[in-house]
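Colleague: Fit chain W to the supplied structure of chain P, relying on the hints for placement.
What follows is each chain in one-letter form.
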Amino acid sequence: MGWWKAAALAAAIMLVPAAASAQQTTLRIGIASADAGVLDPHLNSTTPGRGFLQHIFSGLVRLRPGELSPENMEPDLAERWESSADGLTWTFHLRRGAQCHHGFGEFTAEDAVFSLRRAATRETSAFSSDYTAFDSVEAVDSHTVRITLKNNMPSLLGVVMNYAGGFMVCKAAVEQMGNEGFRRRPVGTGPFAFAEYVPQQFGRLAAHEGYFRGRPQIREIMFRFVPSDAARDLAFQAGELDMIYGRQDQNWFTRTRALPNVRVVAMQPAEMSVIHLNMTMPPLNDIRVRQAIAHALNRDQVVQLRGRDTSVAAESVVPRGYQGHAPMPLPPHDIARARALLAEAGHPNGITIRSIHTTLTGMMTVMEAAQAQLRRAGITLEITPVEHATFHQQIRQNLSQVVHFQAARFPVADIYLTQFFHSRSIVQTPTAVTNFSHCRVADAQIDAARSETDAARRNALWREAQERIVAEVCGIPVYEQLQLWAYRDSIELGYELRAALNLAPPILHTTRFTR
Amino acid sequence: MSTFIARRFAFALVTLWAVLTLVFFIVRVVPGDPAQVILGEQATADAIAAMRTRLGLDRPLGVQYIEFLWGAVRGDWGVSLVTGRPVVQEVLAVLPWTIELTLAALVIGAAAGIPLGVWAAVNRNRATDYVIRLASLLGLSFPAFVSGILLLIFFAIQLRWAPVMSTQGGSFSAWLGALALPAINLGLIMAAYITRVTRSAMLEVLGEDYVRTARAKGVPWRAVVWRHALRNALIPIITIVGLYLGVLIGNSVLTEIVFNRPGLGKLIVGALNQRDYTLLQGMMVIYTFVVIIVNLLTDLAYGAADPRVKLK
Numbered sequence: 001m002g003w004w005k006a007a008a009l010a011a012a013i014m015l016v017p018a019a020a021s022a023q024q025t026t027l028r029i030g031i032a033s034a035d036a037g038v039l040d041p042h043l044n045s046t047t048p049g050r051g052f053l054q055h056i057f058s059g060l061v062r063l064r065p066g067e068l069s070p071e072n073m074e075p076d077l078a079e080r081w082e083s084s085a086d087g088l089t090w091t092f093h094l095r096r097g098a099q100c101h102h103g104f105g106e107f108t109a110e111d112a113v114f115s116l117r118r119a120a121t122r123e124t125s126a127f128s129s130d131y132t133a134f135d136s137v138e139a140v141d142s143h144t145v146r147i148t149l150k151n152n153m154p155s156l157l158g159v160v161m162n163y164a165g166g167f168m169v170c171k172a173a174v175e176q177m178g179n180e181g182f183r184r185r186p187v188g189t190g191p192f193a194f195a196e197y198v199p200q201q202f203g204r205l206a207a208h209e210g211y212f213r214g215r216p217q218i219r220e221i222m223f224r225f226v227p228s229d230a231a232r233d234l235a236f237q238a239g240e241l242d243m244i245y246g247r248q249d250q251n252w253f254t255r256t257r258a259l260p261n262v263r264v265v266a267m268q269p270a271e272m273s274v275i276h277l278n279m280t281m282p283p284l285n286d287i288r289v290r291q292a293i294a295h296a297l298n299r300d301q302v303v304q305l306r307g308r309d310t311s312v313a314a315e316s317v318v319p320r321g322y323q324g325h326a327p328m329p330l331p332p333h334d335i336a337r338a339r340a341l342l343a344e345a346g347h348p349n350g351i352t353i354r355s356i357h358t359t360l361t362g363m364m365t366v367m368e369a370a371q372a373q374l375r376r377a378g379i380t381l382e383i384t385p386v387e388h389a390t391f392h393q394q395i396r397q398n399l400s401q402v403v404h405f406q407a408a409r410f411p412v413a414d415i416y417l418t419q420f421f422h423s424r425s426i427v428q429t430p431t432a433v434t435n436f437s438h439c440r441v442a443d444a445q446i447d448a449a450r451s452e453t454d455a456a457r458r459n460a461l462w463r464e465a466q467e468r469i470v471a472e473v474c475g476i477p478v479y480e481q482l483q484l485w486a487y488r489d490s491i492e493l494g495y496e497l498r499a500a501l502n503l504a505p506p507i508l509h510t511t512r513f514t515r
Numbered sequence: 001m002s003t004f005i006a007r008r009f010a011f012a013l014v015t016l017w018a019v020l021t022l023v024f025f026i027v028r029v030v031p032g033d034p035a036q037v038i039l040g041e042q043a044t045a046d047a048i049a050a051m052r053t054r055l056g057l058d059r060p061l062g063v064q065y066i067e068f069l070w071g072a073v074r075g076d077w078g079v080s081l082v083t084g085r086p087v088v089q090e091v092l093a094v095l096p097w098t099i100e101l102t103l104a105a106l107v108i109g110a111a112a113g114i115p116l117g118v119w120a121a122v123n124r125n126r127a128t129d130y131v132i133r134l135a136s137l138l139g140l141s142f143p144a145f146v147s148g149i150l151l152l153i154f155f156a157i158q159l160r161w162a163p164v165m166s167t168q169g170g171s172f173s174a175w176l177g178a179l180a181l182p183a184i185n186l187g188l189i190m191a192a193y194i195t196r197v198t199r200s201a202m203l204e205v206l207g208e209d210y211v212r213t214a215r216a217k218g219v220p221w222r223a224v225v226w227r228h229a230l231r232n233a234l235i236p237i238i239t240i241v242g243l244y245l246g247v248l249i250g251n252s253v254l255t256e257i258v259f260n261r262p263g264l265g266k267l268i269v270g271a272l273n274q275r276d277y278t279l280l281q282g283m284m285v286i287y288t289f290v291v292i293i294v295n296l297l298t299d300l301a302y303g304a305a306d307p308r309v310k311l312k
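Going down the list, the protein sequences come from chains P and W.
At position 515 of the first sequence (counting the first as 1) the number is 515 in the numbering used here, and the numbers step up by one without a gap.
At position 140 of the second sequence (counting the first as 1) the number is 140 in the numbering used here, and the numbers step up by one without a gap.
With the rest of the complex left out, here is chain P:
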């Protein structure tokens, strides 16, 4: 061996430990979207937007990372809180020294009050309806916030947590930049600060040195917007991404799990797929027809189609894991019973029903399966496929007899029941949200549960509400689709990833690369 070869070998040996010890500090996440949308936490309710913004903003409280149940609430900007005996007055004591990004100063009670009032204002917030029970929000002193309610609400902590309207914005930043400017340069108190946003390409977050829990170990997060499932998978395989949003199907799950040094997670909250039947439109105004449709559907077959690892059959009109979820027997698959019910309702030769449906592949596959199942019972389901934005507009215009909707919400039964089954939310009314079936059979129970302070009685009311909705067949719950993510096993999240309310694994200040 020549001297130069020996020198090269020695240099290589010396370099190896140096290279091995250089840990990666930039996390690259692939999101299934071309854009994150509006960068205002009080306006953005999209999946990619929430996944991005959750790192910039904190709440007064937060769900313990990786958990979904509201019982796992822990301090965030507020270090402790208490409520009055009647549950109408809540006091939050803020931690001292929590800093807003980009030098906007300490986060105080004034910021919290400003933020909550902003979230409750319909001109500045998409979540204003979550705050209708608020009577007042005031700063008792520089680090104490008091919220007074008009009536009890079961999920008060849910609207002040690190989610939707509960994301705390910094008052000085909004006032200095205006709402429009703030949308381009959001400022919060989270572990990562907004650094750069290039439409269609990436959003970059930088570690917030003054984060109140400590200096983040990950120094930078690059959110790459990669709408093509195939391109995202290939980039992950090529090592250009460390974490990706998965395609919602069993094949993706099985294939990706087989990759070396990769973890694949099917996590909560599941998006529940419900087929809503418009009870005001014939022939669906006849309960026997609705029952026939419920009996004609085969839930197990749909789950088999969607994947055993990635979905589960629904067992109520409120998804699993939600506070107040009550599992109950749903109408079993029974073609003969479905035909008999139709004949009893005066339709011995079957019926034709119509649905305006989104062209989104995942949802369309399920609807086509339902179409085939219903046909066996003599029910013709005519599907009019429309582009997604059109779908959202037309189903709110009451144009579809049958509406197939898939959604996850804050995991308290009240939200799901109110938005989908309370008469206040019926489409084409001023307070409309997403009650497509015009269901009004459980209003009393939903309202009573909301103001009930006793947990056991509240749960009993929610159960009764779910039973009434199922019995009346306002909607047919079909299956729950879990959220799929893959990431390298060199990433130590710092918690066990079982769920993520913002639909993307939160990156904490303790999250790090192990190699």
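I should point out that these hints are in silico values taken from the structure, not numbers from a laboratory.
Treat the hints loosely; a few may be bogus.
[Unchecked claim] Covered stretches of chain P (in silico footprint by chain W; criterion: 3 or more residues with CB under 8 Å from a CB of chain W, positions within the stretch not fixed): (1) 119-127; (2) 152-163; (3) 177-190.
[What the hints assert, rightly or not] Restraint ranges, calculated between C-beta atoms of paired labels, are given here: (4) Gly87/P <-> Arg54/W: 31 to 39 Å; (5) Gly105/P <-> Val63/W: 36 to 44 Å; (6) Pro282/P <-> Arg133/W: 43 to 51 Å; (7) Val63/W <-> Asn72/P: 49 to 57 Å; (8) Leu137/W <-> Met177/P: 25 to 33 Å; (9) Val30/W <-> Glu71/P: 31 to 39 Å; (10) Gln176/P <-> Val63/W: 30 to 38 Å; (11) Glu496/P <-> Val73/W: 58 to 66 Å.
Each residue gets a CB set at the ideal place from its N, CA and C atoms; glycine is no exception.
Modeller: Same frame as chain P, but now just chain W:
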């Protein structure tokens, strides 16, 4: 020449106005509400109505139209309804990406398509001709997203010659590496088009009397083909390149999505999905303007390619 250009610009202004008017009304006729898209599926009807007011979408259509035209005349295209960023800024951010991809695809298309077309024509009905025709047919019928994925699997995953995702900045070699695969993907379609047009144009020209005369005079075959025949066959080739360049900008969306490149095509699709009226309007103006300029340049190229063509 200057009269010609002035006349074309006058036509261009009328075309621009017509396109702007059409786009303004069409995007508003299409179902789908930007306020609903912005606020998401949990927003109440009240909140959506408030957002429509904030965006100015509740005002009479005529008022919105006049305001839009007046803004357009002043060069103010407004701000994106969804992101709140100025439309000009949004478009300019992606325009260089589109231009570089389109030009690179054009170069690849012409460099491969013209020689192949000529080669097929001079070997008419021989094995070479059949192979080239079959290849061009494949190029035309192969969906861009399939060829894109195949290119990525082979060159980015197996060989690791290029990145899967295009990135901004970096060295010249990084830029070239990121541009190569998308440009080849789009260039192959362009090459297929150009091959077919060149072949048929050449076949027509090769049957002309002057070609026979040139051959009879003893001009070498190579010179006949490249100097006499090809030059005369260039007019339809330039036409197809000019026409296709406009189409290419729109068609590049699949390539942009697969290779994760920003670009006008992807921006248009995003704006359509989100019903971002102002962004759509701004992009349509740019797109129309580019097509008009390309057509003008095509007309000017006729004169350069064939002195018999006079531009009046």
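Colleague: It remains to establish, for every hint, whether it holds in the given structure.
Modeller: Now for the hints, and whether the structure bears them out:
With 5 residues bearing a CB less than 8 Å from a CB of chain W, the segment 119-127 of chain P meets the requirement of three and the coverage assertion stands. Under a criterion of three residues with beta carbons nearer than 8 Å to beta carbons of chain W, the stated coverage of the segment 152-163 of chain P fails, only 0 such residues being counted. For the segment 177-190 of chain P, the stated coverage by chain W holds: 3 residues have a C-beta nearer than 8 Å to a C-beta of that chain, and at least 3 were required. Between glycine 87/P and arginine 54/W the C-beta distance comes to about 34 Å, which sits within the given range of 31 to 39 Å.
Between glycine 105/P and valine 63/W the C-beta distance comes to about 42 Å, which sits within the given range of 36 to 44 Å. As the Cβ distance of proline 282/P to arginine 133/W is approximately 59 Å, the hint placing it in 43 to 51 Å is violated. Between valine 63/W and asparagine 72/P the CB atoms are about 52 Å apart, so this pair conforms to the stated range of 49 to 57 Å. Range check, leucine 137/W to methionine 177/P: about 56 Å between beta-carbon atoms, so the 25 to 33 Å window is missed.
Separation of valine 30/W from glutamate 71/P is about 46 Å and departs from the stated range, judged on CB atoms against 31 to 39 Å. Hint check: glutamine 176/P to valine 63/W, Cβ distance near 32 Å, so the stated range 30 to 38 Å holds. Our hint of 58 to 66 Å for glutamate 496/P and valine 73/W holds, since their Cβ atoms are close to 60 Å apart.
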